[in-house]
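Participant: Protein sequence lines correspond, in order, to chains W and B.
Numbering follows this note's numbering, in which position 110 of the first sequence is assigned residue number 110; successive positions increment by one, without gaps.
Numbering follows this note's numbering, in which position 74 of the second sequence is assigned residue number 1074; successive positions increment by one, without gaps.
In case anyone wonders, no lab produced these hints; they're calculated from the structure.
Don't take each hint at face value.
Cross-link-like lysine to any residue pairs, in silico, SDA-like; alpha carbons within 20 Å at most [to be verified]: (1) W:40 to B:1011; (2) B:1073 to B:1054; (3) W:40 to B:1087.
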Amino acid sequence: GEEVAQTPKHLVRGEGQKAKLYCAPIKGHSYVFWYQQVLKNEFKFLISFQNENVFDETGMPKERFSAKCLPNSPCSLEIQATKLEDSAVYFCASSLWGNEQFFGPGTRLTVL
Amino acid sequence: AQKITQTQPGMFVQEKEAVTLDCTYDTSDQSYGLFWYKQPSSGEMIFLIYQGSYDEQNATEGRYSLNFQKARKSANLVISASQLGDSAMYFCAMREPTGNQFYFGTGTSLTVIP
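Could you put together the complete structure from these sequences and hints?
Facilitator: Quick look at the structure:
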């Protein structure tokens, strides 16, 4: 597609439940990035992929967060045992060469 | 140390006036990219402009221009002829070749006054 698609738009989970977010990058883009925006003014990088390979995961809290980008499937970001502080908007972005990033509309995760 | 610093939490500008949003960056790489994004209240992130570290000319895109001063490590965004629809958060970002991740500043909230 011509735009980055993210589903769902909103996700509500009870503390301790699992949350799974999906991202379909722009067709032909090799790079996918995940960001967490907790407040309106702070983006935290989580992980990046080059095709299906993890490129950089220095921002991922690995004990509960995992992500995949498999061929012919949307990329996914999964949070096991969500915590209140995981409440945020999660943005996915894709890039052709790793420069200009095009962002999806985000998934708002609310953990109650 | 912060990779990207935006020192103006909030800015106001009169409609039709020009405004400069400040951004300084910190990197030891010679090759890097600088970006500006706009985030309206609806939440989406909109790419505005890109400047490569080796580009000799300042980038321009319509009413947006990037005032790139490499020696000072600054990449200020200039919006000319402000419009009410320009009211939004503006984020400066940098991509370093190593690690392939982006670093974002904390943003500047711009309000255009009629």
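Participant: Hint by hint, say whether it matches the structure.
Facilitator: Against the structure, the hints:
1. Of the pairs offered as hints, the one joining residue 40 of chain W and residue 1011 of chain B holds, with about 16 Å between alpha carbons and a cut-off of 20 Å not exceeded.
2. Proximity of residue 1073 of chain B to residue 1054 of chain B is assessed by CA-CA distance (about 13 Å); at most 20 Å being required, the pair is judged to hold.
3. Between the alpha carbons of residue 40 of chain W and residue 1087 of chain B the distance comes to roughly 14 Å, so the proposed pair stays at or under 20 Å and holds.
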